[in-house]
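Line by line, the protein sequences are chains A and B. Numbering of the first sequence is given in the working numbering, commencing with residue 1 and proceeding in unit increments. Numbering of the second sequence is given in the working numbering, commencing with residue 1 and proceeding in unit increments.
These are calculated hints, taken from the structure and not from any lab test. Hints are not guaranteed to be accurate.
Copies of the same chain are indistinguishable here, so a pair counts whether it falls within one copy or spans any two.
Subject to a maximum C-alpha distance of 20 Å in a straight line, what follows is the list of computed PhoX-like cross-link-like pairs (lysine-lysine) [claimed, not checked]:
(1) Lys-97 - Lys-148
(2) Lys-347 - Lys-366
(3) Lys-347 - Lys-335
(4) Lys-366 - Lys-240
(5) Lys-342 - Lys-303
(6) Lys-222 - Lys-303
(7) Lys-222 - Lys-424
(8) Lys-347 - Lys-303
(9) Lys-97 - Lys-388
(10) Lys-240 - Lys-390
(11) Lys-387 - Lys-240
(12) Lys-347 - Lys-388
Number of protein chains: 2
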Amino acid sequence: MAKEGVEKAEETEQMIEKEAGKEPAEGGGGDGSHRLGDAQEMRAVVLAGFGGLNKLRLSRKAMPEPQDGELKIRVKACGLNFIDLMVRQGNIDNPPKTPLVPGFECSGIVEALGDSVKGYEIGDRVMAFVNYNAWAEVVCTPVEFVYKIPDDMSFSEAAAFPMNFVTAYVMLFEVANLREGMSVLVHSAGGGVGQAVAQLCSTVPSVTVFGTASTFKHEAIKDSVTHLFDRNADYVQEVKRSSCDTILREVPSLCHLANFCSENRPGEKRGRQEHNYPAHNARISAEGVDIVLDCLCGDNTGKGLSLLKPLGTYILYGSSNMVTGETKSFFSFAKSWWQVEKVNPIKLYEENKVIAGFSLLNLLFKQGRAGLIRGVVEKLIGLYNQKKIKPVVDSLWALEEVKEAMQRIHDRGNIGKLILDVEKTPTPLMANDSTETSEAGEEEEDHEGDSENKERMPFIQ
Amino acid sequence: MAKEGVEKAEETEQMIEKEAGKEPAEGGGGDGSHRLGDAQEMRAVVLAGFGGLNKLRLSRKAMPEPQDGELKIRVKACGLNFIDLMVRQGNIDNPPKTPLVPGFECSGIVEALGDSVKGYEIGDRVMAFVNYNAWAEVVCTPVEFVYKIPDDMSFSEAAAFPMNFVTAYVMLFEVANLREGMSVLVHSAGGGVGQAVAQLCSTVPSVTVFGTASTFKHEAIKDSVTHLFDRNADYVQEVKRSSCDTILREVPSLCHLANFCSENRPGEKRGRQEHNYPAHNARISAEGVDIVLDCLCGDNTGKGLSLLKPLGTYILYGSSNMVTGETKSFFSFAKSWWQVEKVNPIKLYEENKVIAGFSLLNLLFKQGRAGLIRGVVEKLIGLYNQKKIKPVVDSLWALEEVKEAMQRIHDRGNIGKLILDVEKTPTPLMANDSTETSEAGEEEEDHEGDSENKERMPFIQ
């Protein structure tokens with residue numbers, strides 16, 4: 001176990017925190033190997049407090065050392081997920097204290113091994129889940145959250161891989177049991193998880209994918225999604241209309257009965273027996289989808305459930321509808337909790353429906369299911385090697401550009417995953433770059449250090 | 001299509017209904033081939049109105065003839081299910097009008113084929129689902145609800161087979177995806193579905209079954225259920241206690257970390273990183289079960305959900321807690337609807353849980369999934385032929401004894417399935433048989449015809 005600099009660690013941290021309160025160390029550059037006392041330093045994105053984009057800044061922090069069972073990873077790339085926006089706003093259940101280093105996934109090279117670690121060597125190319133702290137030059141994380149990557153997988157791909165593909169895989173195959181001939185509705189089909197869902201669906205024969213996404217993305221993603229609808233459309237009607245072509249699928253041998261109804265059939269009285277018309281039943285029951293994957297929440301829960309076919313599964317795995325222009329969202333999580341439509345189990349019984357929720361981070365970090373996830377990652381790497389799946393990377397951003405990157409997600413502008421490339425130098429601001437106010441507006445202007453920031457950031461918060 | 005006697009059918013029915021208002025035709029006997037006009041007659045159980053046991057009587061009704069796509073079956077045995085009690089009380093969603101002939105499953109011999117029917121011959125031994133009307137000497141039902149039975153399967157077994165085993169199978173393998181090493185909690189483990197669940201679980205390696213059942217049944221069913229609890233016990237505590245032996249199952253290689261906690265580890269500060277102790281996580285998450293199958297409802301919904309492990313599934317498939325001593329339950333269904341605890345989707349998201357409802361009858365008769373069910377029945381017959389499953393028959397009752405049979409279910413006295421044996425003659429009442437009032441008490445005494453019935457029935461309603 002690395003114990004160097006223990007006595008000075010606290011002093012170091014105080015200095016770093018003071019540093020974090022000032023302007024970000026933009027000139028740090030390189031590998032950030034700036035030493036304070038005995039502890040090495042590194043660049044890291046720091047969230048100073050919950051709120052708007054300007055609560056994020058680049059800072060210098062003490063480099064972590066691996067504990068028992070951990071690996072130290074020299075980070076090459078980090079994944080930016082929607083949950084990171086919610087963290088920034090403090091819009092999650094039981095948020096941690098700030099300041100903190102955000103980020104839950106990254107890729108890089110193993111640099112040191114903690115005690116007890118087996119199966120890894122310095123120099124291994126890996127991707128990993130981290131319980132916060134990913135957006136930094138170095139991370140340490142328990143070995144059960146680390147996975148070796150194929151030689152031909154780039155670090156950007158690797159940082160785009162675990163969160164989205166594991167989420168998609170577990171929802172489709174562990175929670176919902178997707179099989180041949182089924183249909184799936186996925187929102188934000190152009191995003192990281194949406195694209196992963198579409199690709200995994202294509203590995204199962206005859207699966208129909210319905211997706212909602214901003215219309216401007218449709219051209220780019222139309223090959224992966226069978227039916228695309230605009231994200232603001234009445235997708236409930238659209239899905240019902242598109243899915244009802246498969247009439248009489250259940251009872252083809254009796255399709256001629258579709259024309260019989262009780263008024264036409266004299267003499268068929270048999271007491272009070274309910275007349276059963278399988279053909280009619282099949283027409284009604286063919287509307288809808290087998291699986292609904294919802295990252296929006298809000299009123300989409302009720303809509304999603306209404307779209308389910310019998311034995312269909314609705315899965316809530318995000319609440320992007322909670323992310324608005326507000327900066328202080330201390331009560332948004334609670335508000336959503338109370339506003340979301342509650343589900344009556346007896347209604348599920350009457351309609352033969354399934355409703356689930358899925359949080360990969362909770363499964364990993366609170367519920368100890370790392371072993372299950374490792375099995376899933378191995379299957380996914382297999383699919384990658386067979387060229388059946390491949391992460392879609394939207395754009396690469398320097399650590400210093402994290403605000404612009406987040407703005408892009410706020411704008412729902414991305415097709416695929418946004419990556420923080422640790423070795424990328426920030427793109428200089430061009431004279432004609434826009435400085436218009438973003439949608440992720442500030443209710444309280446925080447002017448500390450802003451005058452210098454305005455030149456860096458094309459979008460003013 | 002059989003059209004004989006169309007013109008006289010209405011007149012016949014009026015005569016039968018008058019007949020049904022009188023004493024039951026107890027002396028009908030034999031095969032009930034009593035002819036009124038051109039229509040043949042048969043014995044059938046009739047529910048005159050919703051309420052107590054005395055609303056049931058044996059009657060004569062016109063024998064049905066098969067329509068297009070239907071089979072006519074000479075019934076040998078009928079299944080008695082808990083749902084039949086709820087029907088009798090009118091305690092279901094959107095109940096049909098009375099009088100009606102109850103019953104949803106039976107077995108027998110094919111006697112006639114409607115037009116368009118292929119694949120069956122007169123004389124075939126079959127079991128079938130019927131949308132009401134099963135408790136009679138003859139039923140007609142669409143061919144997609146009829147299944148041929150193995151030669152060595154008795155009619156009693158066959159009438160005990162479809163409802164319970166299909167329900168158990170679909171819940172375990174289609175809704176919940178039971179796999180090796182998982183655990184299941186099933187209530188009323190001694191009943192028809194409970195026994196079917198236990199048997200199907202034994203076909204998967206290393207599945208632990210927790211069951212609740214009246215203590216007097218435990219000796220008889222202990223071989224099929226791993227852990228048995230009394231039905232009135234605090235099963236939540238019992239299950240948690242029994243299931244937490246599998247600690248550290250997820251991360252055996254780090255079990256030594258169980259002794260480390262933040263107070264013991266100086267110098268491990270790494271900013272605000274949440275300390276993650278996989279070993280501790282595994283101990284907590286090992287409590288509980290993967291699947292909860294609930295036929296009780298009421299407050300068992302919340303309890304069942306609390307017992308789920310991450311990615312576990314709770315399935316509501318009945319509401320036997322609704323069946324009390326009341327006779328008029330017009331509002332019980334509505335009351336249950338409002339009283340049952342509603343589920344918050346965000347809570348499912350935070351805890352990684354799945355909640356479902358399952359109604360086989362709705363799946364068959366309202367939602368057109370006969371094709372799916374046929375596939376399930378075929379698999380089940382395969383398991384029967386391999387001697388891996390075998391219906392447990394509790395007792396055989398004559399049609400005239402349907403009230404006693406129902407009383408036995410009210411009393412939760414059965415181990416396995418109750419069967420109405422159409423050819424059985426009623427057992428004479430012995431001098432020392434009890435006449436004490438049953439639990440299924442009458443709030444309104446209905447004396448019509450009771451003076452003769454008292455001799456027949458050992459239990460007074």
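Taking the hints in turn, this is what the structure says about them:
no., hint, result
1, Lys-97 - Lys-148, "neither (32 Å within a copy, 65 Å between copies)"
2, Lys-347 - Lys-366, "between (31 Å within a copy, 14 Å between copies)"
3, Lys-347 - Lys-335, "between (25 Å within a copy, 13 Å between copies)"
4, Lys-366 - Lys-240, "between (38 Å within a copy, 18 Å between copies)"
5, Lys-342 - Lys-303, "both (13 Å within a copy, 17 Å between copies)"
6, Lys-222 - Lys-303, "neither (24 Å within a copy, 45 Å between copies)"
7, Lys-222 - Lys-424, "neither (31 Å within a copy, 65 Å between copies)"
8, Lys-347 - Lys-303, "both (14 Å within a copy, 18 Å between copies)"
9, Lys-97 - Lys-388, "neither (41 Å within a copy, 56 Å between copies)"
10, Lys-240 - Lys-390, "neither (31 Å within a copy, 42 Å between copies)"
11, Lys-387 - Lys-240, "neither (33 Å within a copy, 44 Å between copies)"
12, Lys-347 - Lys-388, "neither (39 Å within a copy, 34 Å between copies)"
Figure legend: structure checked against the earlier numbered hints; hints not met, in rising order: 1, 6, 7, 9, 10, 11, 12.
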